[in-house]
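Just so you know, the protein sequences line up as chains A and B, in that order.
Under my numbering, think of the first position of the first sequence as 413, with each following residue one higher.
Under my numbering, think of the first position of the second sequence as 18, with each following residue one higher.
Source of the hints: derived by calculation from the structure; they are not laboratory data.
There could be a bad hint or two in this list.
[Claimed, not checked] Facing chain A, according to a computed beta carbon distance under 8 Å, are these residues of chain B, among others:
hint	residue
1	E64
2	M78
3	V80
4	Y108
5	N124
6	K149
7	I150
8	T182
9	L256
10	W261
For every residue, glycine included, the Cβ atom is placed at its ideal position computed from N, Cα and C.
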Amino acid sequence: MKKLLLLTIAAMISLTASAQSYSIKGTLKDTANAPLSFTSVFLLLPSDSSLVTFSRADENGNFVFKNIKKQNYLLKATFVGFLPLQELIKYDPAILNRELGDIVLKPIQKELFEVVIRTAKAPMEIRGDTIEYDARKFKVPPGSSVEDLLRKLPGVQIDAEGNIKAQGEEVKKVLVDGKRFFGDDPKVATKNLPAEAIQKVQVFNDKSEQSKVTGVEDGKHEKTVNLELKDEFKKGGFGKGTIGAGSDDRLMAKMNYNKFDKKNQFAIVGFGNNINQSGLSNNDYQDFRGSQSYQWNDNADFGFSSGGGGFRIIYGNDQNDDESLEIPQSWGPGQGLSKNLAGGMNYNYDTKKTKFSSNYFFNQTNQTLNQLINSRYVLPNLNYNTADSSVFGNYIQNHRMSLRFEKEIDSLNTLVTYVNGRIGTKGQSNFTFKDFSNTGAEIFRNQITDNSYDGTSHNIVGSAIYRHKFIKKGRNFSLSGTFGDSNNDQDAIQKTNLNEFRVNGQSFPLGGFYDIFQDVLSLSKNREYKASVLFVEPFAKKYFLETFYNFSNSNRIVDRDVMNLFSDQKPRVDSLSRYFESTQMYNRLGSSLRYSHKGFNMSVGLAAQQIAINGKFFNNQEGNTLGNIDNPYFSVVPNVGINIQLKNNKYLFSNYETSVDAPSIRNLQPFTDNSNPMYVRNGNPDLLPTTSRTVNLGYGSFNPATFINMWVNFNASFMDNQIVYNQVVNPKSLITTLTPENVSGGRRVFTYFDLGFPIVKTKINSGISLNGNVQKNIVYINSQLNDNLSQNYNIYGRIDLTPVSWFSMFTNFSYGLNFSDFSINTAQNQKFVNTTLRNNLTLQMPKLWYFSADFNYSHFKNDKLDFDQHMPILNMSAYKIFGKGKKSEMRVSLYDAFKRNRGINQSAWGNVVTNTVTQTLSRYVMLTYTYNMKGMKTTMKKSRWE
Amino acid sequence: MKNIFKVLIISFLSLPAVAQVMSGQIVFERKMDWVKKMNKAKYLTQEEKDREEQTWKNDEMYVFKLLLTFTPNQTFYTHESQTHTSTDGTYNWRADDYYITRDFEQNTLFEYKEMLIKNYIVKDTLQAPKWKILNEIKEVAGYVCMKASTFDAAKDQEVVAWFTTDIPVSGGPEEYYGLPGMILELNIDNEAVLVTATSVVLNKDQKLPELPKKMKGKTINLKTQAELITKYRKEQEALHRFPWGIRY
C-alpha cells in the first residue's frame, strides 16, 4: 500500500517535472577568458559521483542540460591540460533555468602535467587542492632515499640542508601512510626511508596543528607531504608448527616459516617423527621452494617437440629415489616402521630479469621392515614355492644443495644455470629366513641370509642453457651444456647358510657347498658431459623446421673386490671380482617439420643416432685385460605427432615414436653377483640398446557448464632387443642363473577411460574409470621361451557428497582383476583379485569443532596360492580450532583403530608370482597441537584433491 | 619549457580537428594475471593465497591483442587476429569467437561469443553500467583519461575504466561502454585483467568490419546472460572451483 502511494507521488512529481522542466547551462572559459570549445561536461550525483548524463560544449564553450531531474548535481568539466573542474549545483525550486554563467577552468601546472602525465605516465589524482601521483613511475637508482625521489618530482625543490619546498612553499610536515614519522622533523623520513618503499606521494595543504586541536579554522595551512608505502613493503610471512605425542611412544613435530616481499622469499622447514612421514607434503614443498617449486625451462636436453624420443641417456640411470637430486616428497605414511628427521632452508630472489635461488635440505630415515614374502616359481613341468621371513634395517642420510640463476640478458637472450648436488650415506642390514617347499608343501631346503652394507655416495649435476630469440618471430636458437659426476662406494658383508631336509616328494639336492661368507667392496664412478643445440626456423607462417643435435659422453669405472671370509687370510675371489672401465658415447642429429595453425599441430621428424659403448674389463685394477666391449649401435628413429585442440574444450592427441635406450651400466657390468647363491646374477657386456616403438592416442573433453568430463587414452609399445633376465635353472638343485639378454617380441598395451559427471550439481558428483593393461613379457628359461601374458583390468567408481557446507563425504571403490599366464606351464596360470573401498568423511560441528574419519577396506585374494587377506583400516580424528584469529588447532587422532594395518602387495612377473605382507605402523592414539600464523582453514574441502 | 608550450598550443589547434574525426581503430592489449585472479577466490585462506602467489609469481601472463573499430555511432570489438600465437612465436591456436558490437544511434547491442564452451548471440538494447566518475587523470596511448568505476554484479568484479573525452564516442573494450568518451583502459579486479590501448589510429573514412557469415548459437538478452553467469559462478564457488568457463 505504502509502495503504491510512493509510486503515485513519484508519478505526480515526474509529471510536474515534465510540465516545468529543469535545465542547467553555462559557458566554459580559461583563466584568460577565452572560451574552451568542445569541453566535455557531465552531471554526477553528489552522493556517490555516479554519472547521470553528459554533454559537450559548443565552439564557444556553451553547454546546456535540458529536461533533467530536479535534484542536486555535481557538475564536472574536463579539458586537455586543465584541472578537471567539479562544482556542486544545488537544486533551488525557485530557479528552474539555472544559469551558471562563466565557469573558469584552471590549467594544470604545465610542468606537473608534462612530467607526471606525459613523461612518467603516472596517474594523477586531484582531490580538491591535493595532487597525488604514483612515485613508482619516477626512476631513481636503487638505494636512493626519499629525498632523492622528491628531488625528481615536479614542483618540489630541496636545498642543501634537505629542507623541502613544494609549489614554492616550505613543507612543514612529512607523513608516512598518513601518520607522523618520528617526530616533527620532515627530514627524518625523507633522508632515511628508501625510495623503493614509496608508492605514492601526496602534496597538500593541511590544517595547522592549532586549528586541529581547537577545531577553529584559523586560515593557516601547512604544506604537507604524505608518503604512501608500497604494499609489498608491508612484508608478508606465514608459518605453522605442529607438535604431537601419542601412545606407543609415537612423537611428531614439524614446522615451516616463510618470509617474503616482492623480490625475496626465505623459507625454513623442519620435521621429525616416528610415524612414517619421510618427505614433505605438496603444500610444504611449495612453501619451501616458493617461486622455484616448478621449473619448466630447465630441460637441457633438446629433442622432438612433440614429446617423447627425448635424450635418453639419463644421467645416473641406476639411481633410486634415495639418490635422486630432488627434495623428497611423500604422499602418505610409508611402509614398515620408520624414524625420520629432515630440515632445510631456501632463499629465492626474483625480479623480472634476474632470478636466483639456493637451498639446502637434510633428511635422515631409519626404517625397520618385517616382511613375509611368498613366491611361486613356475618352471617347465614343475614349480616350487618359497616363503621368506625377513627383517630389514635401512638407514639413509642425505644432504642436498642447489643453486640456480636465471638472467634475462635482454628481450632476446636468456641464460639459465643451475647446480644440484647431494652427499649421502646409506646402510642396510637384512636377516632372512627362507624356506623352499615342493608341490607337496614339504620344506626341502632352508636358506638363512645375514647381509649388511654401508655406503657413501655423492652426485652433482650442473647445466647451463642459453636461449636466443631472433627478431624474426618464431626463429629460436638454444644451446646447453651439462656436467655430471657421481660416486658410490659400498662395503657389504654377505653371509648365507643353506640347510637341506629329507622329504618324501621332490627334494632338489644341492649336491655341493654353496654357503657364502664374503666381503664385497664396490666402487663406481661416473662422469658425464652433455651438450645440445636446437634451432627453430619458421617459414610460410604456419611451418617450423626444428633441428637439434645432442652429444653425450659418459665414463664409468666400476671396481669390485670380493673377499672370502671363510678363510682367515680373506683371499680375494678372482672369479667374482672385476675392474671395469666403460665409455658411452651418444650422438643424435634430428630434424622435424611442424605445422601449427589454429590449434592444429602436426609434426613429422627423423633422427639418426649412434650409441657407442666401449669398455675394457680386468680381473683387477692392474691385472690383465679379460675382455673388450666395442658396440657401436646406429639407428634411425622416426617421430610423428598430431595434436588438435578442438572447439569447446576438446582435445585430441596422438603420436608415434621410436626410442632407443642404452642398456644400464648395472646390466653391462661383466661380473657374477652371488650375493644370493640360489639366484646368481651375471652381467652382460654385449647387450644392445632396446628399441621401443610406441603409439599413443588420446581424447579429452571438459564441459564447465555441465561439469561432465571425459578422458580416453590408448597406448601401445612394441619392443625389440628388450633386456630381460633369461634364466638357467638347474633342474636338480634349482640354482638359478640370471643373465640379462636382448629379446624381441615383448609388448605392452594400456587403455584408460574416465568419465566424471554430477548427479546433483554441486552436491553429488560421481565418476567412473576403467583401465586395462595387457603385457607380454618374454623370458627364456633353460632356453625354452616363456611367454608371460599378464592382464590387468580395473574398474573404479567414485561418489563425492558435498550437500551442505558442514558435511562432506568422498567414497571410492575399485575392483581389479589380474591374470598371469605362463606358456611354459599353463597349469600354473594365476588369477588374483584386489578390491578396495575408501571412504573419507568430515563433519563440521558448532563452535569450530570438527570430526573426520577415513575408512579403507582392502581385500586381496589369490585362490591358487591360498592367499586371502582382509584389511579394514579406520582412522578417526576430532579437532577444534580456537584462539584469536583461529590460529590454533587441537586434535586427537586414532590411527588404525582395528590394528590391522599391513603393507600388502600381489604381483606376477616373468615366471614368478609373489605376495608380500609388510608389518607396518599400526594402532596408536595421538594428541597434536598446531599453530598457524595465518589462521587455520575453517571451510570444508569440496573435492577429494583439495 | 618552450617545447611544452608548443605541445600545448598544438593540442589546442588540433582540437577542432579531433572533434570532427570520431572514427578509427584502437588496438588493445589484454593481460591476465592468474595469481590475482586466484586471489579473488573466497574459499582460499590468506595462507593459501600467499602460497599460490609465492609459487606462481614468475609465471608468464597470458597476453593477447584485440581491436576496437569505431565510428561516431558504432563500435566493433574483436580479436586483432583470430589466431593467437605463443610468445616465442612457435605455436598458435584458434582465438575464441568474440564479436562485440554497439550501435549508439539505434541504442542496440549485438554480441557473438563463446560462453561456457557454447556459442551465444546476445541481442538487446544498450544498458550502460552505472558509472561513478572519479578524480584521477592519467595518460593512456597519448590521451589524457579520467577514471570511472563500476561493479559487475553478475561476475562479482570491481571494474575501473579510464576514458578520454578527446574521443567523444561512448564505446570501450570488452563489453564496457556508456562513458562521456572512449574507454582506453579497463582494469578488472585490481589488474587481474588489464586491457590497455596501445595505439589509436583516427581515420575519418573508417568502415566497420563484417561479422562472421555463419553465426550459430542460442540468442539471449542481457538479463538471461547475467543470470547464466551468476548461476555458474555460484555453482563453482560452492565447489571451491574457479569459474574458468566464463571470460573474466
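Against the structure, the hints come out as follows:
no.: 1; hint: E64; verdict: holds (4 Å)
no.: 2; hint: M78; verdict: violated (11 Å)
no.: 3; hint: V80; verdict: violated (14 Å)
no.: 4; hint: Y108; verdict: holds (5 Å)
no.: 5; hint: N124; verdict: violated (15 Å)
no.: 6; hint: K149; verdict: holds (4 Å)
no.: 7; hint: I150; verdict: holds (5 Å)
no.: 8; hint: T182; verdict: holds (3 Å)
no.: 9; hint: L256; verdict: holds (5 Å)
no.: 10; hint: W261; verdict: holds (6 Å)
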